[in-house]
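For the record, the sequence lines run as chains U and B. Going by this note's numbering, 46 is the number at position 46 of the first sequence; the sequence numbering is gapless. Convert by adding 628 to the 1-based position in the second sequence; the result is the number in this note's numbering.
Each hint should be verified, as a subset may be incorrect.
Output of the computed footprint for chain B on chain U, the stretches with three or more beta carbons under 8 Å from beta carbons of chain B [stated by the list, open to error]:
1) 474–486
2) 576–586
One-sided excerpt, in silico: chain U residues whose CB lies under 8 Å from chain B [what the hints assert, rightly or not]:
3) Leu195
4) Arg497
5) Ala549
6) Ala553
7) Leu560
From chain B, some residues computed to sit far from chain U (all C-beta separations above 10 Å) [to be verified]:
8) Tyr638
9) Thr710
10) Thr722
11) Glu723
12) Leu730
13) Leu794
14) His838
Since the hints were derived computationally from the structure, they do not count as laboratory data. Remember, it's a predicted structure, so these values are computed and weren't measured experimentally. Cβ atoms here follow ideal geometry from the backbone N, Cα and C, with glycine treated the same way.
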Amino acid sequence: MGARTAADGGVEQAAGHVKKGPGRRGGVWRSAPALIGGALVLLMAVLAVVGPIIWGAAAERIDAGAILQGASAEHPLGTDNLGRDLLARVLVAGRYSLALALLATLIGATVGIVLGALPSVLPRRGARLVTGAVNALVAFPGLLLAMFTAVATGLGARGAVLGIGVAIAPGFARLTQTLAASVAGADYVAAARMLGVPRRRILARHILPNIAEPLILNLAQSLGGALLGLAGMSFLGLGVQPPDFDWGRLLFDGFTWIYVNPEVALGPAAAVALAGIGFNLLGDTLARAASRSSAGQRDTARTAPPERAGEPDPDAVLEVHDLTVSFPGGSTPVRGLSLSIAPGEIVGLVGESGSGKSLTAAAIGGLVPYPGTVTYGRLRLGGADVATLSGKELGTALAMVFQDPMASLNPALKVGGQLAEVAVVHQGASRADARRRAVDRLGHVQLPEPAKQAAQHPHELSGGMRQRAVIAMGLMGTPRLIVADEPTTALDVTVQRQILRLLREVVEETGAALLFISHDIAVVGELCDRVVVMYAGRVVEELPADRLADDAAHPYTRALVASLPDLDTDRGRPLAGIPGTQPAPARVGAGCAFAGRCPLATERCRSERPELVVHGLRQRVACWEVTS
Amino acid sequence: MRIEGLTVRYGGFTAVDDVTLEIPDGHAVGVVGESGSGKSSLARAVSGLVPYTGRIEGATRIQMVFQDPYASLDPRMTIGETVGEGIAKRRRATEVPRLLGLVQLPAELAGRYPRELSGGQRQRVAIARALGGDPALLIADEITGSLDVSVQGTVLNLVRGLRDELGLSMLFISHNLAVVRYVADTIAVMHRGRIVEHGPTEQVIGEPAHDYTRTLLAAVPRLRGRS
Ligand SMILES: Nc1ncnc2c1ncn2[C@@H]1O[C@H](COP(=O)(O)OP(=O)(O)OP(=O)(O)O)[C@@H](O)[C@H]1O
Ligand code: SF4
Ligand SMILES: [Mg+2]
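The task is simple: from the sequences and hints, build the whole structure.
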């Protein structure tokens with residue numbers, strides 16, 4: 001199998017509205033800033049531990065014969081006014097400087113987190129007061145706040161640490177408040193409130209644990225700031241007082257002689273700068289790594305065996321043969337799936353949650369998240385291997401609509417502008433043309449007053465209108481295939497109906513084919529020409545939609561149909577359901593994956609997997625009991 | 629229990645407009661309507677989660693089960709901690725397994741985290757947590773909305789069984805009439821913040837009095853060819 005990556009396969013920009021995220025999760029740690037930051041912080045940590053032990057004596061040794069010397073082989077950074085070696089002093093001062101910075105950060109973080117969390121526990125009036133105070137403090141310049149506190153609490157290390165702590169606190173308070181407010185709105189907090197759990201406990205049990213991660217990230221970044229701030233305070237003479245010394249104090253002392261011996265100030269300045277840069281880079285890296293692991297990734301390895309299985313079907317819009325998606329750790333959510341769609345055909349892909357529907361769609365669009373691996377015997381769109389299509393070609397030929405329209409729309413941009421962007425990027429249209437086309441397409445999906453809606457932001461549209469806008473976005477090109485993954489699940493029945501009608505009309509008008517993914521077999525049965533049923537990563541049955549109710553043959557399909565409540569089911573009897581659960585993608589065994597839940601299962605089912613074979617007119621089934 | 633003249637306003641927008649609704653003891657009242665019709669606001673007002681005007685009489689011990697079982701369980705708490713949340717410490721060790729049993733989950737699940745559970749299992753956990761508050765009224769807001777059909781049936785059966793077994797009163801909210809019909813004794817149809825029709829389940833479905841009810845009925849997805 002020849003390996004190709006998604007990037008050189010040209011599927012970077014599949015649908016024009018995919019958020020780009022280059023690099024891999026591991027890549028965050030392999031970037032230059034991360035490496036430098038990590039190395040610097042490690043160096044500082046080692047210095048803090050061993051510095052005073054190794055150079056402690058040298059730093060205190062007074063040498064009346066070597067007062068205020070410049071750089072020499074013996075004293076690379078020169079000496080101070082008592083003849084002490086400055087390099088040794090800089091190396092020793094690391095521990096004190098870092099300890100003070102750590103202390104200041106902890107003070108700032110503690111005060112900040114308490115202030116930020118208070119509004120969640122205080123009664124409304126008190127909460128408003130605290131919020132107001134925090135807002136005022138955030139607006140106040142940090143250094144002034146620090147100096148004011150330092151002067152008020154007395155010169156020296158204590159004052160400086162308190163000062164910097166106070167300067168850091170408002171930022172932490174604001175961050176805590178914002179994070180806490182979002183968690184406080186969660187359903188699980190509402191549930192706890194209804195159970196009478198006291199506010200203090202809600203804070204300790206629900207809110208703090210769920211906001212801890214971003215707060216800790218902020219801590220690393222603040223440490224760098226505190227270090228610089230403390231050096232600044234010492235440099236202004238507000239900080240550490242002799243005989244103690246930190247980097248800022250060394251800088252302050254050296255500065256007096258800077259015109260005589262510039263190198264005496266150079267050492268401490270460089271130390272402060274390196275440590276500050278180190279902590280900031282590390283903090284940035286941590287933050288980026290965290291956002292990476294929560295956000296989706298799309299830099300996937302994609303491999304296509306050179307040997308094609310069978311003859312390609314020249315008429316199919318989409319032809320998928322032997323598609324497999326796997327993740328490290330033995331998880332294979334899509335297993336050898338084959339599927340083909342004719343022009344103008346509407347095919348429904350159903351199956352319960354986790355059966356691999358969305359990953360199948362993602363594989364078609366080249367959107368499988370890292371570290372997933374996609375392999376296939378054939379994956380052709382409009383007669384061409386998707387790996388040979390450029391991003392532009394794929395972007396125009398394929399439109400993707402997802403469950404959450406906000407995932408496809410940028411909340412900060414106007415709807416019309418976002419649609420126009422697609423035409424500018426993919427078709428090289430001029431701005432004015434693109435804009436005109438955007439309004440035209442919005443009208444096409446029956447958005448009332450399209451010109452006015454184009455000037456709105458996504459949040460100003462209702463859920464149904466947003467989904468229309470996303471469909472319009474897909475229609476900015478001339479798609480051969482529309483892949484819609486649960487496009488109506490978030491909408492209520494009446495709006496759902498309108499969107500389904502719209503999709504049907506779009507297909508009739510443009511001749512595009514539609515792959516419609518849903519867990520709702522009733523909706524699929526109504527909308528589609530043909531239904532493909534997936535279970536545990538494989539197709540288990542395929543049949544015309546209008547025969548779903550009466551002719552479904554696979555036990556799983558039949559159970560799905562039976563568990564659908566409608567307006568005529570007998571209310572006196574329990575509703576049918578399917579006992580048990582689908583095996584996890586890493587646990588699918590050798591036999592039929594449905595065997596554990598199937599009333600017809602035999603010994604053979606458990607050990608041998610049934611292939612998908614033709615069963616009557618336009619129907620294929622994978623089940624031993626049905627086909628043999 | 630009786631809700632009288634209940635109104636919920638968000639700024640200038642009236643989400644629930646002067647709703648009066650009777651929930652007799654041990655009865656399940658279904659509320660249907662499209663999204664934005666005020667169903668969830670009604671539920672949240674009755675639960676005391678949003679401010680309202682009007683009166684709610686005879687409402688003691690109300691608990692609610694939410695729509696999205698992925699958002700309604702704290703990801704950092706074990707199932708046992710979640711279910712035991714409303715229960716006094718000394719009774720937790722015996723109550724948690726009992727509650728898990730009520731919703732037909734094995735007691736071993738208590739040590740697991742929500743991410744290890746399927747959607748249907750999570751929704752059972754949410755129901756168990758609500759039952760832990762010993763509710764006189766259980767509000768179920770679209771609780772099968774994000775579940776698979778194959779799982780939906782088992783959750784609906786469970787809810788019906790619990791109602792019979794524990795004599796719970798229920799406010800059962802859904803946009804799917806076929807689902808509400810299965811659980812509710814009476815159905816209230818909500819449209820633009822008002823209740824436009826309220827009657828016994830078979831009557832509302834068999835002989836809808838309001839145009840909007842007919843629209844909702846027509847929108848229930850049905851399989852073609854089903855006899
Ligand atoms: N990034 C990933 N890493 C590892 N496993 C994944 C990843 N994405 C999905 N999976 C697993 O693959 C399986 C199939 O997921 P998929 O999203 O395709 O299901 P689905 O059929 O679309 O389900 P639903 O109806 O809930 O949307 C699931 O078991 C899921 O846990
Ligand atoms: S192959 Fe066996 S276990 Fe699988 S669906 Fe058919 S009868 Fe059931
Ligand atoms: Mg999906």
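Tested hints:
no. : hint    : result
1   : 474–486 : violated (count 0)
2   : 576–586 : holds (count 5)
3   : Leu195  : holds, 3 Å
4   : Arg497  : holds, 5 Å
5   : Ala549  : holds, 4 Å
6   : Ala553  : violated, 15 Å
7   : Leu560  : holds, 6 Å
8   : Tyr638  : holds, 14 Å
9   : Thr710  : violated, 8 Å
10  : Thr722  : holds, 18 Å
11  : Glu723  : holds, 13 Å
12  : Leu730  : holds, 16 Å
13  : Leu794  : holds, 17 Å
14  : His838  : holds, 14 Å
When held up to the earlier numbered hints, the structure conflicts with 1, 6 and 9 and fits the remainder.
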